[in-house]
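Generate coordinates for the entire structure from the input sequences, incorporating the hints supplied.
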Amino acid sequence: MNIDILLNIFVATIAAGTPLVYAALGELITEKSGVLNLGVEGMMLVGAISGFIAMAKTGSLVFAVLCGMAAGILMSLIFAFLVLTLMANQVASGLALTIFGIGISAFIGIDYTSVALKGIPPLNIPFLSDIPFIGRIFFSYDILIYLSLVLLTGIIFFLYKSRAGLILRAIGENPKSGHALGFSVIGIRYLAVIFGGAMAGIGGVYLAVLYTPMWVEGMVAGRGWISIALVVFATWRPLRVIAGAYLFGGVTIIQFHIQGFGIEISSQFLCMLPYLATIIVLVIISRNKNTIRLNSPASLGTTYHPATN
Amino acid sequence: MLFKIEPRPDPSKKMKYLSPLIAVVMMLITGLIIFLILGKNPVSAFHAFFIEPVNDFYGLGELIIKASPLMLIGVGLTVGFRANIWNIGAEGQLAMGAVFAGGIAIYFSNSTSVFIIPFMFIAGAFGGMLWACIPAFLKTEFNANEILVSLMLNYVGILILSLLTHGYWKDPNGYGFPQSILFSESALLPILIEGTRLHAGIIISFLAIFIGWIFLLKSFIGFQLQVSGLAYNAASYAGFKYKKMVWFGLLAGGLAAGLAGVSEISGPIGQLLPSVSPGYGFAAIIVAFVGRLHPGGIFLSSLLVALLYLGGESVQMNLDLPSAVTGIFQGMLLFYLLAADFLINFRFKVKSKL
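Here the protein sequences come in this chain order: P and U. So for the first sequence, my numbering puts the first residue at 14; every next one is plus one. So for the second sequence, my numbering puts the first residue at 105; every next one is plus one.
No lab work stands behind these hints, which were simulated from the structure alone.
Quick list of in silico lysine to aspartate or glutamate cross-link-like pairs, DMTMM-like style, CA-CA up to 20 Å:
| hint | chain 1 | residue 1 | chain 2 | residue 2 |
| --- | --- | --- | --- | --- |
| 1 | U | K144 | U | D424 |
| 2 | U | K453 | U | D114 |
| 3 | U | K348 | U | E245 |
| 4 | P | K302 | U | E245 |
| 5 | U | K144 | P | D124 |
| 6 | P | K131 | P | D155 |
Structural data, given as C-alpha cells:
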C-alpha cells in the first residue's frame, strides 16, 4: 500500500475526530461538575448552523466560531435553567434540548441547504509544513485542530493542577460538602454546563464550516451522542477522550477508503460502523461495574439544590 | 422581589395535572411570538396551524392516524420510563418492525390469505422487540448505558431499512426509486370509515391505551416499576428484580414501536420506504412525559402532538413556512412541561412586609 494513502487516512482521521474532541471535552467538564447533559447533539446542530450562516455571510472563521459558541451557550443555558434552577430531571431535559435543537436548526437552516462554502485551506507553516512526511503528519492541519490540542492541554492543567479544577471535581463528587465549604454549587455547575455548550458549538462549527463544508439537516448524525459515549469510554479522563475521538474519526474515515481497497460492501453497512463501534466500546468499558463507579463523578445526573438539602 | 419561592410540604396533586396545561399555554404564547417575529399574522398563522388541519372530517381522521403511533409508542415507552429505564430507541425499533413485517408482505405478495396481516404484526412485534433486546441484554449483562445503546441502534435500524429499500427489496419496476413494491391488498389494513384514511391499526393503539392502563396502574409488575422509579433502594430492599424490570421496560417499548411500524407500512404508507416515520419514536417521548406517564394523559397528549405534526404541514402549504416548525413546537412543549413541573414541589408566596 502506498505511504501517501496512509498519510491521507491519518490526516483525515484527525479532522474527522476533531468535532468529537470539542464536544466530548465540553461534556467532560459538564459531567465533572455532576451534571449529565444529553443535549450535546442539539447544541452541536444549533452551533453548526449558526457558524455556517455566519461564515456564509461574513467569510470570517473567527466570527463563525464565535457565533457557534454563542449559539451553543444559549442552548446550554436553557438546559442549565431547567435542571439547575428549576431542578428538572436531567435525562428528560437533555432529551428535550436535543429534540428542540434538531427542530430549530432545521428551521433556521432551511435557506442554507444548497449554499456552498469555500473550504478553508490548512495552515501553511513556513518550512515546517514542507518537511516531507513529518510536515504532513504534524503541520498540515487547520487552525481549529491545533486549537483543540491547546484546549486539551488547558483542560488537563485546569482539572488536575488548578484549585478551580479541584473545586469543580469536588462538587461533582459531593455537592453537599462543596456547599458546606461555601462554594456556590449551582453557580459552578452553570459555568460547567455553559462551557459544555460553547464546546459543542465549536464542534458543530467545525463540522459544518471546515469538515464538510456545507449544511445538511441533522448533519451531526449522532456525533453528539457518540461524544457522550466517549466520555464514558474515556472513564472521565481528558487524554483518553481525545484518543477515543480519533479512534472514532478513524472508523468514520475507513468508510471512505474501504471501497477503494476493492472490498465490495454497501455504503449503508459502512455508515453503521461508528454506531456499532460506540456500542462495542461502551460494552467493553462498562462491563466492569467498578470501573464506572470509581471513575464517574459520584453525583452525576442527580439533582442538588441547597434549598432542599 | 415581591414573591419568594418556598418548597411545598407535600407535592401538589393539583399542579401535577395543571402543569401540562400550563406548558401548552406557554407553548402557544411562544408560538404566537415566533409567528410575529416571522412577520406572519398570528391569527391566520394560528388558524393555519391548529384549526385548518382538523376542520373537516378527513382532517380529524388524519389527526387520529398521526396520533395512533404516538399513543402506542408513548404507552410502551412509559413502562420503562416509570422505572427510570430510558428507551430512546423507539425510532429504530419502529424501523425494524417495519423491516420484519415488510419482508412478509414482499415475500408473500402473491398470497391472498387473510393470515398475512396477523403474520405481519407478529413479525413486526418480533422485530421491534429484537431491537429492544439488545440494549436490555447489554444493560443487564454488561451494565452498558441503555440510553446510548438504544440511541445508536436507531441509526443502525434506519440504515438497515435504507439498505433493503435501496437494494434487495427495491421494486424492480420502480424506475430506480428506493422503495419496495406496493403491498398487495392482503397486506394492507382495511379502512374503518369511508371518506377518511382511518385504518384498522388504530384499534391496536386504542387497545394499547386500555391494556397499558390495567398493566401500569393495576398490576403488580406495574407497581414494581413505579416503586423502582421513585425509590430504587426501596425497590431492591423489597426484593424487586431490577434486571426483570429492565427487560420489561425495554421490551414493552420495542413491542409498541414494532407494532406501530407495521401499522404505518400496512396502513397509510402501503409499501416500504427508506423512511417510514417522521420522528414518531422521539415525539412519543414527549407524548409520554406530557401525558404524565399515564395512559389517559398519553391519549390526550398524543392528539396534541399529532396536531403539531399536521400544523407543521399546514403552515408549509398555506404560509410558506418550513414544516420544521413542528420540531420547535415539540421541543418547547417538553421544555415548558419540565419547567412547569417546578410548581409541583415549590410555590410562590407573596412576601409580607415586615
